[in-house]
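Q: Using the sequences provided together with the hints, build the complete structure.
Going line by line, the protein sequences match chains A and B. Heads up, the first sequence is in the working numbering, so the first residue is 83 and it goes up one at a time. Heads up, the second sequence is in the working numbering, so the first residue is 19 and it goes up one at a time.
Derived by calculation from the structure, the hints in this document are not laboratory data. These numbers come from a predicted model, not from an experiment. No residue lacks a Cβ here, since even glycine has one placed at the ideal position from N, Cα and C. Don't take each hint at face value.
As the list claims (entries may be wrong) - Derived SDA-like pairs: lysine to any residue, alpha-carbon spacing no greater than 20 Å straight-line:
hint: 1; chain 1: A; residue 1: 273; chain 2: B; residue 2: 89
hint: 2; chain 1: A; residue 1: 273; chain 2: B; residue 2: 256
hint: 3; chain 1: A; residue 1: 103; chain 2: B; residue 2: 176
hint: 4; chain 1: B; residue 1: 150; chain 2: B; residue 2: 135
hint: 5; chain 1: A; residue 1: 273; chain 2: B; residue 2: 204
hint: 6; chain 1: A; residue 1: 250; chain 2: A; residue 2: 176
hint: 7; chain 1: A; residue 1: 103; chain 2: A; residue 2: 116
hint: 8; chain 1: A; residue 1: 237; chain 2: A; residue 2: 190
hint: 9; chain 1: B; residue 1: 171; chain 2: B; residue 2: 194
hint: 10; chain 1: A; residue 1: 250; chain 2: B; residue 2: 19
hint: 11; chain 1: A; residue 1: 273; chain 2: B; residue 2: 272
hint: 12; chain 1: A; residue 1: 103; chain 2: B; residue 2: 55
hint: 13; chain 1: A; residue 1: 103; chain 2: B; residue 2: 153
hint: 14; chain 1: B; residue 1: 150; chain 2: B; residue 2: 162
hint: 15; chain 1: A; residue 1: 250; chain 2: B; residue 2: 21
hint: 16; chain 1: A; residue 1: 103; chain 2: B; residue 2: 52
hint: 17; chain 1: A; residue 1: 222; chain 2: B; residue 2: 194
hint: 18; chain 1: A; residue 1: 103; chain 2: B; residue 2: 21
hint: 19; chain 1: B; residue 1: 150; chain 2: B; residue 2: 85
hint: 20; chain 1: B; residue 1: 150; chain 2: B; residue 2: 123
hint: 21; chain 1: A; residue 1: 222; chain 2: B; residue 2: 271
hint: 22; chain 1: B; residue 1: 150; chain 2: B; residue 2: 178
hint: 23; chain 1: B; residue 1: 150; chain 2: B; residue 2: 238
hint: 24; chain 1: A; residue 1: 103; chain 2: B; residue 2: 238
hint: 25; chain 1: A; residue 1: 250; chain 2: B; residue 2: 20
hint: 26; chain 1: B; residue 1: 150; chain 2: B; residue 2: 168
hint: 27; chain 1: B; residue 1: 171; chain 2: B; residue 2: 153
hint: 28; chain 1: A; residue 1: 273; chain 2: B; residue 2: 271
hint: 29; chain 1: B; residue 1: 150; chain 2: B; residue 2: 89
hint: 30; chain 1: A; residue 1: 273; chain 2: A; residue 2: 284
hint: 31; chain 1: A; residue 1: 250; chain 2: B; residue 2: 215
hint: 32; chain 1: A; residue 1: 250; chain 2: B; residue 2: 268
hint: 33; chain 1: A; residue 1: 250; chain 2: A; residue 2: 231
hint: 34; chain 1: B; residue 1: 171; chain 2: B; residue 2: 157
Stated by the list, open to error - Facing chain A, from chain B, some residues (calculated, C-beta under 8 Å):
hint: 35; residue: 92
hint: 36; residue: 109
hint: 37; residue: 114
hint: 38; residue: 138
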Amino acid sequence: MTRPLIAVLDYGIGNLSSAQKALVRSGADARLTRDPALARDAAGVVLPGVGAFGACMDALRAAHLEDVVYESVASQRPFMGICVGMQMLFTSSVESPGVAGLDVIHGTVELIEGNVRRPQMQWNELHVENEDPLFAGLPKTPWVYFVHSYSAVPKDSLVVVATCEYGKNLTAVVRQENVVATQFHPEKSAKDGLQLLHNFVSSCS
Amino acid sequence: MEVARVIPCLDVTNGRVVKGVNFVDLRDAGDPVELAARYDQQGADELVFLDITASSDNRNTMIDVVERTAAEVFIPFTVGGGIRALEDARGILRAGADKVSVNTSAVERPQLINEIAAEFGVQCVVCAVDAKRTADGSGWEVFLHGGRTPTGKNALEWITEAVQRGAGEILLTSMDRDGTREGFDIELTRAVCDSVGVPVIASGGVGTLQHLVDGVVQGHASGVLAASIFHFGEHTIAEAKALMISQGVVIRPV
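A: Structure follows, in structure tokens:
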């Protein structure tokens with residue numbers, strides 16, 4: 083099997099190389115890039131993210147990658163957001179009022195509430211609500227690693243395919259056609275995370 | 019639900035893992051990347067690398083360790099030791115670490131915490147605090163340089179300030195217990211865990227697996243850190259987690 087080319091969008095904030103390295107380990111020819119031509123040629127596109135919503139959106143726009151996201155999503159090729167890369171796909175976040183998100187998925191990103199420590203910085207069980215090719219070969223309740231203080235609330239709850247319980251049920255994975263996104267870090271989730279990335283890589287051809 | 023974490027700590031100098039007893043008699047415990055990969059396979063939840071030499075000419079050695087680890091190990095890891103400026107944090111995070119831990123440099127210049135949090139987010143900033151009970155027993159004082167240098171700072175006050183400045187996690191070491199194998203300072207651990215809203219990792223004094231359970235159940239720690247009981251094959255991560263689960267601790271099973 084040839085290794086599908088996956089563009090990992092590099093807008094220069096934080097640790098983005100871990101996602102790229104884990105995708106390579108999962109069978110992809112994954113490259114960190116800000117080159118729109120390379121993203122256009124790629125079989126799949128990944129938007130990683132670590133840090134604050136507003137800082138990431140600003141950096142994404144400064145790197146001229148916003149249109150690359152829209153183009154990739156519209157092309158129907160597999161697209162994956164990770165952590166803040168997932169949150170940026172939403173309309174807005176209370177973390178950074180006034181900063182427009184990408185609005186690929188309608189909804190907001192809200193502060194985690196309840197009698198729990200913030201950030202949620204731990205492994206947690208994934209509760210699969212709707213079967214998805216992303217979960218192929220995974221145990222019934224996979225364990226994955228979360229680091230976040232904010233959580234996405236989609237307008238259409240049907241896009242939520244997995245949740246985790248932390249204070250209350252939080253959105254863990256969303257799926258909207260070719261777009262899939264995880265609040266947790268599959269690249270830091272040991273073998274279950276690598277299996278999930280392998281499933282994404284397999285969907286890219 | 020809150021889920022506890024078991025975190026092996028690797029003390030690294032010149033690219034090798036060492037573990038000393040009371041900071042002397044450093045025994046060579048191997049290649050950090052190999053050990054990290056083994057802990058990942060065994061079911062460790064996270065790893066901490068502490069660069070204990072941290073001289074400036076050693077920085078590139080550590081960057082290399084971080085890069086090689088990030089390519090082989092797919093669990094989160096923190097790097098501490100010698101993070102004196104924003105630029106040091108940037109180098110370590112770019113190389114593939116998930117978090118940086120600051121200690122002495124943050125006490126000397128607390129603004130460093132704000133700077134790293136502003137650029138990389140609070141989840142990247144761990145504030146490591148070495149605390150020692152005061153002579154009159156009324157509280158705990160922050161010490162620097164492996165417990166040698168008193169600061170006059172009250173540990174609980176400093177931790178509260180660090181969190182306000184943007185520390186997303188506290189790595190709390192009892193200098194009274196470190197190296198003794200007598201267990202965590204439970205009173206200290208609980209005092210800190212109950213007074214801050216961010217996760218707290220307990221460290222210093224683990225000699226048995228029961229100590230790990232006690233850190234979570236009695237100390238209320240979010241995670242428990244240990245070194246020697248894992249490095250020399252006394253116990254595996256699986257044994258640690260089995261005991262924790264048997265005593266009701268919620269943790270990722272191996």
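Q: Are residue 150 of chain B and residue 162 of chain B close enough, with their CA atoms no more than 20 Å apart?
A: 10 Å, holds
Q: Given the hinted pair residue 250 of chain A and residue 268 of chain B, is their alpha-carbon gap at most 20 Å?
A: Distance ~17 Å between residue 250 of chain A and residue 268 of chain B Cα, so the pair holds.
Q: So if I understand the rule, the pair passes when the alpha-carbon distance is 20 Å or less; does residue 250 of chain A with residue 231 of chain A pass?
A: 13 Å, holds
Q: Given the hinted pair residue 171 of chain B and residue 194 of chain B, is their Cα-Cα distance within 20 Å?
A: Roughly 16 Å between the alpha carbons, so the hint for residue 171 of chain B and residue 194 of chain B holds.
Q: Are the Cα atoms of residue 273 of chain A and residue 271 of chain B separated by 20 Å or less?
A: 13 Å, holds
Q: Residue 250 of chain A and residue 20 of chain B: Cα distance at most 20 Å?
A: 11 Å, holds
Q: Is residue 150 of chain B within 20 Å of residue 123 of chain B, Cα to Cα?
A: 18 Å, holds
Q: Sort out whether residue 215 of chain B lies within 20 Å of residue 250 of chain A, counting only the CA atoms.
A: 17 Å, holds
Q: Is residue 150 of chain B within 20 Å of residue 89 of chain B, Cα to Cα?
A: Since the Cα atoms of residue 150 of chain B and residue 89 of chain B sit roughly 38 Å apart, the hinted pair is violated (cutoff 20 Å).
Q: Under the criterion that the straight-line Cα-Cα distance not exceed 20 Å, is the pair residue 273 of chain A, residue 272 of chain B satisfied?
A: 11 Å, holds
Q: Keeping to a limit of 20 Å between CA atoms, is the pair of residue 237 of chain A and residue 190 of chain A held or broken?
A: Holds, because 8 Å separates the two Cα atoms, which is no more than 20 Å.
Q: Does residue 176 of chain B lie within 20 Å of residue 103 of chain A when you go C-alpha to C-alpha?
A: 37 Å, violated
Checked against the numbered hints given earlier, the structure breaks hints 3, 4, 5, 13, 17, 18, 19, 24, 29, 36 and satisfies all the rest.
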